[in-house]
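Enquirer: Each protein sequence line maps, in turn, to chains A and B.
Counting from 1, position 104 in the first sequence corresponds to residue 103 in numbering that gives the first Met the number 0; the numbering is continuous, with no gaps.
Counting from 1, position 15 in the second sequence corresponds to residue 14 in numbering that gives the first Met the number 0; the numbering is continuous, with no gaps.
Some clues are possibly wrong.
[Said to hold, decoys possible] Negatives, chain B to chain A, calculated, CB over 12 Å: (1) 148; (2) 155; (3) 158; (4) 179; (5) 185.
[What the hints assert, rightly or not] Have a look at the derived ranges for each label pair, beta carbon to beta carbon: (6) 64/B with 33/A: 18 to 24 Å; (7) 53/A with 90/B: 45 to 51 Å; (8) 46/B with 170/A: 41 to 47 Å; (9) 6/A with 90/B: 21 to 27 Å.
Quick caveat, the hints were computed from the structure, so don't treat them as lab data.
The beta-carbon is built from N, C-alpha and C at its ideal position, and this holds for glycine as well.
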Amino acid sequence: MNRGAAALHRLSIGLFALICLALAAAVILYRLSVDPVATWVERLDTTAVADGIGASWFTAVLVALILLALYWGWRLIRTTIAPQKPDELVLDGSDEQGTLTVPLKLVARAVREQLATQTILDHVQVQAIDDRGSKIVRITVQAHPERSYDELVDVLAPAVTDLKTAFDGSDVHVQTFIHLNPLH
Amino acid sequence: MTTTDSSEGSAALREDIGGSTVARPTAFPGAAVAGALLGLVLLAAAGVLIRDLLVRAGAVSGDTWTHRAAEQLSSQTWADWMWVIPAACAVVGLAALWLALKPRRPTHRRLADYPVAWTRPVDLARRISAAVSDLPGVRDAVTVVGRRKITVQVTAAGTVRRSDVAQCAAQAAAPVAPGTAVKVRIRDSRKEARA
Numbered sequence: 000m001n002r003g004a005a006a007l008h009r010l011s012i013g014l015f016a017l018i019c020l021a022l023a024a025a026v027i028l029y030r031l032s033v034d035p036v037a038t039w040v041e042r043l044d045t046t047a048v049a050d051g052i053g054a055s056w057f058t059a060v061l062v063a064l065i066l067l068a069l070y071w072g073w074r075l076i077r078t079t080i081a082p083q084k085p086d087e088l089v090l091d092g093s094d095e096q097g098t099l100t101v102p103l104k105l106v107a108r109a110v111r112e113q114l115a116t117q118t119i120l121d122h123v124q125v126q127a128i129d130d131r132g133s134k135i136v137r138i139t140v141q142a143h144p145e146r147s148y149d150e151l152v153d154v155l156a157p158a159v160t161d162l163k164t165a166f167d168g169s170d171v172h173v174q175t176f177i178h179l180n181p182l183h
Numbered sequence: 000m001t002t003t004d005s006s007e008g009s010a011a012l013r014e015d016i017g018g019s020t021v022a023r024p025t026a027f028p029g030a031a032v033a034g035a036l037l038g039l040v041l042l043a044a045a046g047v048l049i050r051d052l053l054v055r056a057g058a059v060s061g062d063t064w065t066h067r068a069a070e071q072l073s074s075q076t077w078a079d080w081m082w083v084i085p086a087a088c089a090v091v092g093l094a095a096l097w098l099a100l101k102p103r104r105p106t107h108r109r110l111a112d113y114p115v116a117w118t119r120p121v122d123l124a125r126r127i128s129a130a131v132s133d134l135p136g137v138r139d140a141v142t143v144v145g146r147r148k149i150t151v152q153v154t155a156a157g158t159v160r161r162s163d164v165a166q167c168a169a170q171a172a173a174p175v176a177p178g179t180a181v182k183v184r185i186r187d188s189r190k191e192a193r194a
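With the hints as extra help, turn the sequences into a complete structure.
Expert: Okay, here's the thing in structure tokens:
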């Protein structure tokens, strides 16, 4: 999950936590008659609040609350479902006259096809992700645990070399995850 | 079993493409799941408010739920069972605060010689178990990889030397956790069978 999305979730949950804790503290301190909280709660005119909610001007408040809840809720769900959506990569040589871009998804597909020919790999997954501000081509391979890490690194090396050649000088990163099957 | 540890052609994994630093792979933040639930609650609340808006516009008959809730709240008198409400709010609030502040859990360890290659502790344990299982006399091996210690439990079907197991485990762990202490426990399956 990206920093922005994580910050949104953390702030939202933090705000919710503070509201819950404030509510709990207010009720407990009011019931135990601890000042000044007890005095503040005593001053609340709940009848006036109910009357206000019934007033015609509350329609505008309702509309504002609906828009806020819809936007906030949609943002929270969307950033959970697609937390690392990759962007197109802008290549060196782009200027005012034109922009050279490469969709990272296509690069990921090409790498996956290249590694799929390696028989010692049981499974290959290549993703183009945007993780906390870094554009990453992430290669995840699954192999038998009888294979050593150095063997698997050797298998991955040509694909990584190709990526380096293609993205030399850019701020794209490559990350390889080596996962091993359970031992039978 | 193949255990050739050649490093030919692996120079590509010794350095990244981009010059900037990449954050360590971590698990989904705990706040993300709670955030998604909060998102659903907000959408449900928006649905209730839309219904109230339609009631106010005359498109739906009945009383607005927000107004009714506010009226009922203003006419409530305190009862002992209501202590449950602040207690529940405090528990939920503290749990949510912990989720909001909890740092992300790292999921992978970097390979010592290859900064762009990562593996999970469970994969390292599987690798060590596979290497140890290949030793003569070893019937089965189970490995637990901790932060500072690797524990290998061997079920022996013959004579197994503790030092051989420790050396084999250390070699298998070297690409990820060089120098990590290895603790070996050996169980004799023949003795267990006799017992």
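Enquirer: State for each hint whether it applies.
Expert: Hints versus structure:
1. 148: holds (20 Å)
2. 155: Holds: least Cβ distance 17 Å, greater than 12 Å.
3. 158: holds (22 Å)
4. 179: Non-interface label stands for residue 179/B: nearest chain A Cβ at 14 Å, farther than 12 Å.
5. 185: Consistent with the label, residue 185/B stays out of reach of chain A, its closest Cβ about 18 Å off (over 12 Å).
6. 64/B with 33/A: 18 to 24 Å: Because 33 Å falls outside the window, the suggested range is violated.
7. 53/A with 90/B: 45 to 51 Å: Cβ of residue 53/A to Cβ of residue 90/B: about 34 Å, so the range 45 to 51 Å is violated.
8. 46/B with 170/A: 41 to 47 Å: About 43 Å separates the Cβ atoms of residue 46/B and residue 170/A, which means 41 to 47 Å holds.
9. 6/A with 90/B: 21 to 27 Å: holds (25 Å)
The structure shown violates the earlier hints numbered 6 and 7.
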